[in-house]
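Chains as they are written, first to last, in my numbering: chain L, 1 to 162; chain F, 1 to 475.
If you are wondering where the hints come from, they were derived from the structure by calculation, not from laboratory data.
Glycine included, C-beta positions come from ideal geometry on N, C-alpha and C.
Some hints could be false.
Listed below are the simulated DSBU-like cross-link pairs for lysine-lysine, each with C-alpha atoms no more than 30 Å apart in a straight line [said to hold, decoys possible]:
(1) F:LYS176 <-> L:LYS3
(2) F:LYS34 <-> L:LYS118
(3) F:LYS346 <-> F:LYS78
(4) L:LYS118 <-> F:LYS6
(5) F:LYS176 <-> L:LYS118
(6) F:LYS34 <-> L:LYS2
(7) F:LYS437 <-> F:LYS210
(8) F:LYS153 <-> F:LYS192
(9) F:LYS346 <-> F:LYS89
(10) F:LYS192 <-> F:LYS437
(11) L:LYS118 <-> F:LYS383
(12) F:LYS153 <-> F:LYS176
(13) F:LYS34 <-> F:LYS176
(14) F:LYS231 <-> F:LYS255
(15) F:LYS248 <-> F:LYS232
(16) F:LYS322 <-> F:LYS68
(17) L:LYS3 <-> F:LYS34
(18) F:LYS153 <-> F:LYS231
(19) F:LYS235 <-> F:LYS437
(20) F:LYS383 <-> F:LYS153
(21) F:LYS153 <-> F:LYS6
(22) F:LYS210 <-> F:LYS255
(23) F:LYS248 <-> F:LYS210
(24) F:LYS176 <-> F:LYS5
(25) F:LYS153 <-> L:LYS118
(26) F:LYS176 <-> L:LYS2
(27) F:LYS5 <-> L:LYS118
(28) F:LYS383 <-> F:LYS176
If you want the ones that stay clear, here's a sample from chain L, every Cβ over 10 Å from chain F, calculated [stated by the list, open to error]:
(29) MET1
(30) ALA57
(31) GLU67
(32) ILE70
(33) VAL114
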Amino acid sequence: MKKLFLQLDLCIGCQAHSLACQRVRNQAVTLQSTCVEGVGNLPVLCRHCEDPACVAACPNDAMTRDEDNIVRRNPARCTGCRSCVLACPFGVLSQGMKLQVFPLGKCDLCSSRVAEGKQPACVATCPTGALRFEEVDEIYGKEGETVIGSHSVGYSTYIRRP
Amino acid sequence: MLVQKKSTCMLCSVGCEFIIETIDDEAVNLEYDKDNPVTGGVLCAKGNYMLELINHPLRLIEPQINGKVVDWNEAIRKTSDELLAHREKSDAGIILAGDASVEDAKTAELFAETCLGTGRLAIYFATGDDTVQKALTMASIPNRAAGLNDIGKSTCTIAVGNPFEVGPVIAGKVLKARYARRGNIFGVISNKENMTSRFATIHHYGNERKLLSQLLRVVADRSEGDELGLKKLIKELIPATENPDVVKLGEAFVKSPSSVLILETQDPVKAQLASAVVSVAGADKRLFCVNTYGNAKGICEAVKSTVSVNEIITAVDHGVIKTLIVLGTDIVKGIPGRNIEAVLEKLDFLAVGAPFGNETKQSANVIFPTALWLETEGIYNGKHLQPVIDPPGAALPYGDILRQLAEAMGKALPQVTPEPVEAPQQLNEETLRVILKESMETVPEPAVQSTVTQFADGSLTSNIQWLQLQERDAW
Ligand code: SF4
Ligand code: SF4
Ligand code: SF4
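Please construct the entire structure, taking both the sequences and the accompanying hints into account.
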């Protein structure tokens, strides 16, 4: 299965990924940035957890983890209670708290774009190539690269050179 | 039917390409040109807004006279009558946006000469006027401009200012080169820590003009040959420097087989100093300039008789200019530190042509809706661009408006074919003396604003601000 990875030493914090995400999702930012002191703005990616807290927290079965291992929100079922926002341990959904309009789109790894043979929008736009969309097995085996953050729930997200 | 058309982003001088998808003459999608040999289709945050620019809710689509919607004939007649009435007094000027095509800039030049009779034309870019580009053209040896691919292959890159903020797409190339081999150098000279300097292998913070002149001295000391015969003067005018960072950078720049200097500035003195560094360091060194948006290079090579925007504004202030045409720019917001609005009040007549509603048009007598470069055919920075879509409503390209005006004034302007005006002048002792003298003075330079505020109206700005607020509050 392909996942999003961030190569930390290439990310300049330009936030292009946010804008691209916002654009393809009609103004609903699902891939937000967070400010890390001394490092800059980094993208906060949905891990599409194996055992997602957001899905467990949703009282209306609006959040689901589908057969393709992608965690989605079904807007037709979402009442906007924001339980998922509170549940996500990574703060991925947190900007939803500020919005009047709910539900937001949620990252589904741009599955419709990927089905057309394109990259997810954030990966396609990233000016430095810091964001990558690759097979999990492949990225773990790459020479000269170490995956860090492997203690996080689900797949680890960040890679960097040794 | 879905049609894909390529175009180029004009919001900074990097010039990334992208694809606009249209259905029945309506732009529906922006797509990344992933087979692009230069950029691989990546775009920065600004580039992601190309579709929104085309379909912007504040696009102007009809001519107006004093706030009332009119048709083109009426707007043209009103403007040409005013210009004819003022013609005898020679008190007219024109300001043209830097996103005009070379052809339109040439037309504006002809218009200023034949129709206004004054030749007063200023070219204006979002981050200032064309003084930086002119300085570069003046001071550089021809054919020393770096392409993006040169940056990707460079073993020693020196950045001045904060190029990653203005043109994030070059960061991809710079970092590729920096990580390609242990020992590759990426130096940053800037007045303070910034987005670019975080990635530097060597950085030095301080007055950029001073540091650049120190770099010039180091490079002059270390490089071989003296093609321009300037080394003696450099050594005489710039004291030897002890600054270890600058010395290291200068040495690496000269020694490295492929060196690129990347300059982000709005200061013509720094532009000339950087050109001098590259010229003196050796024939294989290259310069890449990330500055003004638009067709800076193209226009400056083709149009020569321009005054600066500031000169025009000063002339308006002193009553020398009484009629003004402003095409495509928001000079009210764009020039910091001057109360432009009050100055424009002194005009007898102001005609503004703009793609969007902007502040300059508040005081305009006549408003023309204009086409974006995405909607016009023309030559931009050496590339021949085709329109991706028709202009909205009654909007017209700058050149067409000027030709119509000229016709109404009884002077037909020909369709122009652009050709370069003159070979750029080489750096000589006299110019070097002037630059070095000016480089001793410190001037405040306006800081780079957020990457996405260049079109300071509507959703383009508010989206970004919204993102930033979110991020602060949420964490
Ligand atoms: S677009 Fe790429 S470089 Fe820019 S902030 Fe996002 S991950 Fe980082
Ligand atoms: S808990 Fe957070 S990271 Fe995990 S699937 Fe849900 S939104 Fe994504
Ligand atoms: S780097 Fe410059 S040219 Fe490229 S997308 Fe961004 S603003 Fe446009």
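To see whether the hints hold, each was checked on the structure:
1. Simply put, F:LYS176 and L:LYS3 have alpha-carbon atoms about 23 Å apart, close enough for the 30 Å limit, and the pair holds.
2. At most 30 Å may separate the alpha-carbon atoms for a hinted pair to count; F:LYS34 and L:LYS118 meet this at roughly 9 Å.
3. For the hint pairing F:LYS346 with F:LYS78, the CA-to-CA distance comes to about 19 Å; that is within 30 Å, so the pair holds.
4. For the hint pairing L:LYS118 with F:LYS6, the CA-to-CA distance comes to about 17 Å; that is within 30 Å, so the pair holds.
5. A threshold of 30 Å between alpha carbons decides the hint, and for F:LYS176 with L:LYS118 the separation of about 23 Å falls inside it, so the pair holds.
6. Taken as a hint, the F:LYS34 and L:LYS2 pair is honoured in the structure, with Cα atoms around 19 Å apart against an allowance of 30 Å.
7. Proximity of F:LYS437 to F:LYS210 is assessed by CA-CA distance (about 11 Å); at most 30 Å being required, the pair is judged to hold.
8. Proximity of F:LYS153 to F:LYS192 is assessed by CA-CA distance (about 27 Å); at most 30 Å being required, the pair is judged to hold.
9. Taking the CA atoms of F:LYS346 and F:LYS89, the gap is about 16 Å. The hint holds against a cut of 30 Å.
10. With a CA separation close to 24 Å, the supplied pair F:LYS192 and F:LYS437 stays within the 30 Å bound.
11. Restraint check for L:LYS118 and F:LYS383: the C-alpha separation of about 27 Å stays at or below 30 Å, so the hint holds.
12. About 8 Å separates the Cα atoms of F:LYS153 and F:LYS176, which keeps this hinted pair within 30 Å; it holds.
13. Annotation: proposed proximity of F:LYS34 to F:LYS176 holds, straight-line Cα distance about 18 Å (limit 30 Å).
14. Of the pairs offered as hints, the one joining F:LYS231 and F:LYS255 holds, with about 17 Å between alpha carbons and a cut-off of 30 Å not exceeded.
15. At most 30 Å may separate the alpha-carbon atoms for a hinted pair to count; F:LYS248 and F:LYS232 meet this at roughly 22 Å.
16. Note on F:LYS322 and F:LYS68: the hinted pairing holds, with a Cα-Cα distance of about 23 Å set against a maximum of 30 Å.
17. Between L:LYS3 and F:LYS34, the direct Cα distance comes to roughly 19 Å. Compliance with the 30 Å bound is thereby established for this hinted pair.
18. Note on F:LYS153 and F:LYS231: the hinted pairing holds, with a Cα-Cα distance of about 29 Å set against a maximum of 30 Å.
19. For a cut-off of 30 Å, the pair hint linking F:LYS235 to F:LYS437 stands: about 14 Å separates their Cα positions.
20. With a CA separation close to 23 Å, the supplied pair F:LYS383 and F:LYS153 stays within the 30 Å bound.
21. Of the supplied pair hints, the one linking F:LYS153 and F:LYS6 holds, its CA atoms being roughly 26 Å apart against a limit of 30 Å.
22. For the suggested pair F:LYS210 and F:LYS255, the alpha carbons sit about 22 Å apart, so the restraint of at most 30 Å is met.
23. The straight-line distance between the Cα atoms of F:LYS248 and F:LYS210 is roughly 16 Å, inside the 30 Å bound, and the hint therefore holds.
24. Among the hinted pairs, F:LYS176 with F:LYS5 is consistent with the structure: their alpha-carbon atoms are about 29 Å apart, no more than 30 Å.
25. For the suggested pair F:LYS153 and L:LYS118, the alpha carbons sit about 27 Å apart, so the restraint of at most 30 Å is met.
26. Of the pairs offered as hints, the one joining F:LYS176 and L:LYS2 holds, with about 24 Å between alpha carbons and a cut-off of 30 Å not exceeded.
27. Taking the CA atoms of F:LYS5 and L:LYS118, the gap is near 17 Å; set against the 30 Å cutoff, the hint holds.
28. A threshold of 30 Å between alpha carbons decides the hint, and for F:LYS383 with F:LYS176 the separation of about 26 Å falls inside it, so the pair holds.
29. No Cβ of chain F approaches the Cβ of L:MET1 within 10 Å, the least distance being about 22 Å, so the stated non-interface status holds.
30. Every CB of chain F is more than 10 Å from the CB of L:ALA57 (nearest about 18 Å), matching its label as outside the interface.
31. Residue-level check passed: L:GLU67 sits 28 Å from the nearest beta carbon of chain F, beyond 10 Å.
32. Residue placement check: L:ILE70 keeps its beta carbon more than 10 Å from all beta carbons of chain F (closest about 21 Å).
33. Listed as a non-interface residue, L:VAL114 keeps its Cβ farther than 10 Å from every Cβ of chain F; the least gap is roughly 13 Å.
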